[in-house]
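So the sequence lines, in the order shown, correspond to chains A and B.
As numbered in our numbering, the first sequence has no gaps in its residue numbers, which increase by one up to the final residue, 239.
As numbered in our numbering, the second sequence has no gaps in its residue numbers, which increase by one up to the final residue, 1421.
Calculated from the structure, these hints are not laboratory results.
Remember, predicted model here, so these are calculated numbers, not experimental data.
Any given hint could be a false lead.
Unchecked claim - Keeping only pairs whose Cα atoms sit at most 20 Å apart, straight-line, the calculated EDC-like set for lysine to aspartate or glutamate is:
{"hint": "1", "chain 1": "A", "residue 1": "K70", "chain 2": "B", "residue 2": "E1327"}
{"hint": "2", "chain 1": "B", "residue 1": "K1153", "chain 2": "A", "residue 2": "D58"}
{"hint": "3", "chain 1": "A", "residue 1": "K70", "chain 2": "B", "residue 2": "D1209"}
{"hint": "4", "chain 1": "B", "residue 1": "K1046", "chain 2": "A", "residue 2": "E229"}
{"hint": "5", "chain 1": "A", "residue 1": "K75", "chain 2": "B", "residue 2": "E1327"}
{"hint": "6", "chain 1": "B", "residue 1": "K1162", "chain 2": "A", "residue 2": "D67"}
{"hint": "7", "chain 1": "B", "residue 1": "K1360", "chain 2": "B", "residue 2": "E1318"}
{"hint": "8", "chain 1": "B", "residue 1": "K1153", "chain 2": "A", "residue 2": "D53"}
{"hint": "9", "chain 1": "B", "residue 1": "K1276", "chain 2": "A", "residue 2": "E31"}
{"hint": "10", "chain 1": "A", "residue 1": "K70", "chain 2": "B", "residue 2": "E1233"}
{"hint": "11", "chain 1": "A", "residue 1": "K75", "chain 2": "B", "residue 2": "D1201"}
{"hint": "12", "chain 1": "A", "residue 1": "K70", "chain 2": "B", "residue 2": "E1318"}
{"hint": "13", "chain 1": "B", "residue 1": "K1289", "chain 2": "A", "residue 2": "D58"}
{"hint": "14", "chain 1": "B", "residue 1": "K1378", "chain 2": "B", "residue 2": "E1318"}
{"hint": "15", "chain 1": "A", "residue 1": "K75", "chain 2": "B", "residue 2": "E1318"}
{"hint": "16", "chain 1": "B", "residue 1": "K1074", "chain 2": "B", "residue 2": "D1294"}
{"hint": "17", "chain 1": "A", "residue 1": "K165", "chain 2": "A", "residue 2": "E229"}
{"hint": "18", "chain 1": "A", "residue 1": "K165", "chain 2": "B", "residue 2": "E1094"}
Each chain, written out:
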Amino acid sequence: MKHPLTAALCLALATGWMTEAAAGSRIELPEGPNRDLVYGKCRTCHDLQYVKDSAGLDQYSWGGLLDSMKDFGLKLTDQQRSEILGYLATYLGPNPPPAAPSADQPQMAGGEVDGATVFNEQCSSCHQPNGQGVPANFPPLAGNRDLFSDRLFPAYVLLNGLEGKITVDDHHFDGVMPPFDHLSDAEIAAVINYVRGAWTNAQLADETFAALEASDVANVRAKTMTASEVHAYREAHLD
Amino acid sequence: MTYVLRQPNLSRREFGLLAGTAGLAMGFAPGLTRRALADEAANAAKIIAGKSPDMIVHNAKLGVMETPLALLRKYPHTPKEILFNRLHFPVDGERKWTATTAAPDFKDWTILVDGLVQRSRQVTLADLMTMDQVKRVSVMQCAGNGRSYYAAKSKAPGGQWKHGGMGNIEWEGVPLRPLLDDLKLAASSEAVWLTANGRDDPPEREATDFAKSYHIDDPALDNAILALKMNGEPIPASHGGPVRLIIPGYYGNMNVKYVTNLLLDAAQSPSAFQSKAYRFPNHPVEPGKFTVADYTTSNSRPTYGFQIMSVIFSPLAEDTVKHGTVEIAGVAWNDGTAPITSVEVSTDGGASWRDAMIEKPESPWAWHHWKLPAKLAKGTTDIMCRATDAFGRTQPLDGTARWQPKGYEWNGVDRVTVTVT
Chain A
1 MKHPLTAALC
11 LALATGWMTE
21 AAAGSRIELP
31 EGPNRDLVYG
41 KCRTCHDLQY
51 VKDSAGLDQY
61 SWGGLLDSMK
71 DFGLKLTDQQ
81 RSEILGYLAT
91 YLGPNPPPAA
101 PSADQPQMAG
111 GEVDGATVFN
121 EQCSSCHQPN
131 GQGVPANFPP
141 LAGNRDLFSD
151 RLFPAYVLLN
161 GLEGKITVDD
171 HHFDGVMPPF
181 DHLSDAEIAA
191 VINYVRGAWT
201 NAQLADETFA
211 ALEASDVANV
221 RAKTMTASEV
231 HAYREAHLD
Chain B
1001 MTYVLRQPNL
1011 SRREFGLLAG
1021 TAGLAMGFAP
1031 GLTRRALADE
1041 AANAAKIIAG
1051 KSPDMIVHNA
1061 KLGVMETPLA
1071 LLRKYPHTPK
1081 EILFNRLHFP
1091 VDGERKWTAT
1101 TAAPDFKDWT
1111 ILVDGLVQRS
1121 RQVTLADLMT
1131 MDQVKRVSVM
1141 QCAGNGRSYY
1151 AAKSKAPGGQ
1161 WKHGGMGNIE
1171 WEGVPLRPLL
1181 DDLKLAASSE
1191 AVWLTANGRD
1201 DPPEREATDF
1211 AKSYHIDDPA
1221 LDNAILALKM
1231 NGEPIPASHG
1241 GPVRLIIPGY
1251 YGNMNVKYVT
1261 NLLLDAAQSP
1271 SAFQSKAYRF
1281 PNHPVEPGKF
1291 TVADYTTSNS
1301 RPTYGFQIMS
1311 VIFSPLAEDT
1321 VKHGTVEIAG
1331 VAWNDGTAPI
1341 TSVEVSTDGG
1351 ASWRDAMIEK
1361 PESPWAWHHW
1371 KLPAKLAKGT
1381 TDIMCRATDA
1391 FGRTQPLDGT
1401 ARWQPKGYEW
1411 NGVDRVTVTV
1421 T
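If we strip away everything but chain B, and leave its shape as in the complex, we get (with noise of 0.2 Å):
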């Protein structure tokens, strides 16, 4: 569904021809001309050159839009023309360069490798060119993926995003343990968080600048890259071009873009987004009792690893679903520290369910493609979808179990309703 607003839109020639002296003399009563003014729709692609006009906008000066399903069901690597974008700050003024999926041109990029080392380090993307690469297919997601569906218990403010907030992506890029090790930085005992930053800042003088924090014995460092390429490419400007560094399993906000340090400290970055934004509660809270500026370090943690997630690819409300046997079909992620070891799919609204045979996924991080053929009768049908790990993890019935007010990680069982003819 286009994301388009159609409301008349009163421009200012139509207001003069229409309104004539009329109009004109509103204008010479002091207070008086307040119009009522309309919106005018975001077009994705003249957003960020070379996105799919069809993406779905959620803030045009941050870059910030979501793929229609039926468009992202399409491809095993989801194209830079239609993953999904969410930059942080506006993509105009100093970082207008970000506003396109061409990859930026910084021959001279240099990380700044800091902190409590004997060796501070600067490794330029030239030196990274010539270290062994490796290639990660992971889902890349949004820690707001599926926000707008909290809505069923109390709006979370925000982007309002459906299920199009992620992507499958193949990145390629120099494995970050072995660098670090290999930088000889002689680190500090004490230096226990790593801490990325990238090349953007704020536009306000006194706003916090995006820098994530991980601790240095987090096992997903293991699987994480300092990425060059994505899908085969030099990695595009708006999705982190030249350098980003990509930790498979975790939500999009770790996963920093245009990485220009890395910090060894003895604590984590003081940064808002580290501190107070994109973590989730420790424990359950509620409507009126919490609010998004109710986070602290102590309460809450950080949105690192994927909760386990499923969701239903065909059939979608839109399409056209003939009776019979149908092929219900979708994928599955999780954080990738456990297998995926079933989908249950039930066409009867939760009553029964059944096993979809499950594709081997290319990587324990990327999409878990899954289908199960089924007979939907005629009428109105519910299709769910609900995925399992060998860790027991799995998704609730009612997502909104885990409100939280700033709507983070989705992850209830996926629901469809299908019109079959």
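For reference, chain A alone in the conformation it holds in the complex (with noise of 0.2 Å):
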């Protein structure tokens, strides 16, 4: 069921809006409970058109591919199978029910949602659960002073993704991060929160922070910028 504003606001929409094609053109599935999850876990390696393109596999089928993807690095916790499973052959299966609002999250209830989890869900399949990244190609969260050049930097590259050479610590990485704005600005911000504490990132910074509130993500996500323009915008910023 859709709300009201977001019916409105398709409908005042008469054109389609190209903005700038990165190698990992913006593919979306539909919505419906552990769909993040996918989005979460399923981006590393391709795009989310092969997902896409097969939809109306059975259970049965998505389960083999889904196991079939071990050998090729996906790593999930049987709850993480089952959730991604139970989304891939309900919504991307022979018959999809309509698309349901992704708003209601376990973790939503109560209001307190757990960085730790989000960072697990959505980040660890590229950055690696120890935040070290992987040489060449997933830039480290661990020690990177990137996370404190600027206040909101963090969730600008999150809403928008970031692409472009970039430099941590003498190492280079010249790779696309997709957007993770299906995510909430309560999630956005909590997983920022729970990155800039983690590992011995605490002391990394020169100046503290105020922690992330979901108002700030929801001020940035308010603002267009390409993955390029959030390359620009760290450049700008660096130390």
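Join the two chains into one complex using the hints; note that each chain is given alone, in its own frame.
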């Protein structure tokens, strides 16, 4: 059931907006519970077009496909496997139900979002559970001073993605990080606050930033930026 | 047909302008800012520099794209701008150098030839350039080409290729077997498997690398070359430059790109790309009884040689066809081990067939051009073509007869429905 305001906005929009297409074009899947987990776990090695183009498979086939991904680097807990398979077999299955708003996530109940959980579900596939990244592929988050160059910078990255050459501690990267704007303002604030305090990162800050609030993220979300523009923003705010 | 997703895309600027304070207010409520986000169209020219924007994209992050047939049919040798592309690891990060049709610049490129040998060798690009070169015109085809057609029985997941995952290429390079002989490796008699590995590596630490293995006695290796040129130019990075192992008649994945290692060993590579992916079941399998996770080295064999195949290039469904005498034309190919003896064409949905005229091909592994003039009346017409070779191999009337969950090696009789005016 769509939020009435969203419906009105979609109606108001007559033209398609062609934003800058990078390697890894933007593909959206039907809304449904645990769709966000698919976004977090299934974009490391390919984009979601394969998933979208495979719509119609039954649970048996999705299950086999999901299990075959282990050899290609996919790591899931049993719980995550079950949740992802549930989403795929339903919303990308032979008889998909109408899209369900993803707003009612268990972690939303009570209003408290666990940043560590968001990190594990959304960030760890690339940046690794220990935050070390993968040389020449994914920058580390552990010990990464970019986290503290500007209070809002990580929110720009999560909402818009980041692409272009960057150097982190003399290590070079030239990758494409997709947007994570499927996450809510509260989730984005929580995961940034988590990463800023994880491992030894708390010792990196020259000044202490106030923790991000959902409202901070909402303000960033209201601005338009491409992944390349975020790169320019990063360059402008480097220490 | 260009793959463009036409849905309204709610950009953040428009969201802010139109939503006003009400929209921003949505952001203040934790968990409620999940907007209906829309797809962004993929542009092939932005994914791989030098590719035509008319390419149909199947996965931007992996540079996977196919050629519309209306474009493919124009050229006897498929230019790099429109040849289909498929990479196994993302085109960004440490593999970003592959995201271009320009030739890569690796002056010190070295191939290590090693394994169960008395003497391991290093062969450089400069070495290869001084050796005698031969040309091989051959079809390059993805094993998944035609996968979308299996959906008539049960959809096979992955890129939904039509017929454009193939092209006809003139490769030029150093013949493989004479090179291996000249290297005087003194390989062990147990070294019965040759494995080729390339420069590309997966982004995940615990993901399999890509490698392909062939039995050393495989006759297809008699025609193999370490190619340095594609259509007369140094091989594009996206197509495996500076050196690509080309085995004419073998599906694309077997033609290892950016070769850095040739290993002679007693066993096949444990790469999952050899032991689990790119394999075809030895016996018929059914949906609901066999998934992509069920492949083993015992129940399947690698997608080595091309299944015999033919495709109608003209007329295509999108062409304007005037009633009267129309030239039906297309191409056929197989693995090159037996000559193609006929291409039969039907213009009445399979009720009757006539032999098309086949041009002498440039090589056993190249496109065989065929054509047949036919009288077409006004209305809708189903045109079909079916190739057969001297070994008795032919195409099934219903290609889904060879259904398997990976959707490889499609070779069903081609069928085009045209409107004749």
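Within a Cα-Cα threshold of 20 Å, do B:K1046 and A:E229 meet the stated pairing?
holds (17 Å)
So if I understand the rule, the pair passes when the alpha-carbon distance is 20 Å or less; does B:K1360 with B:E1318 pass?
violated (29 Å)
Restraint check for A:K70 with B:D1209, where alpha carbons must lie at most 20 Å apart:
The given pair, whose Cα atoms are some 13 Å apart, holds under the 20 Å limit.
Quickly compare the C-alpha distance for A:K75 and B:D1201 to 20 Å and report which way the hint goes.
holds (18 Å)
Hey, B:K1289 versus A:D58, does the alpha-carbon distance stay inside 20 Å?
holds (12 Å)
If you draw a straight line from the CA of A:K165 to the CA of A:E229, is it 20 Å or shorter?
holds (12 Å)
CA of A:K75 to CA of B:E1318, is that 20 Å or under?
Not OK: A:K75 and B:E1318 at ~45 Å, beyond 20 Å, violated.
Given pair status - A:D67, B:K1162, alpha carbons within 20 Å:
At roughly 26 Å apart (the allowed maximum being 20 Å), A:D67 and B:K1162 break the hint.
Restraint status (C-alpha distance of B:K1276 to A:E31 at most 20 Å):
violated (32 Å)
Does the alpha-carbon distance linking B:K1074 and B:D1294 stay inside the 20 Å limit?
violated (41 Å)
Within a Cα-Cα threshold of 20 Å, do A:K70 and B:E1233 meet the stated pairing?
Judged against 20 Å, a Cα distance of about 39 Å means the pair is violated.
Agreement of A:K70 and B:E1327 with the hint, judged by alpha carbon distance not exceeding 20 Å
Outside the cut-off at roughly 50 Å; violated.
Of the numbered hints given earlier, the model fails hints 1, 5, 6, 7, 9, 10, 12, 15 and 16; all others are met.
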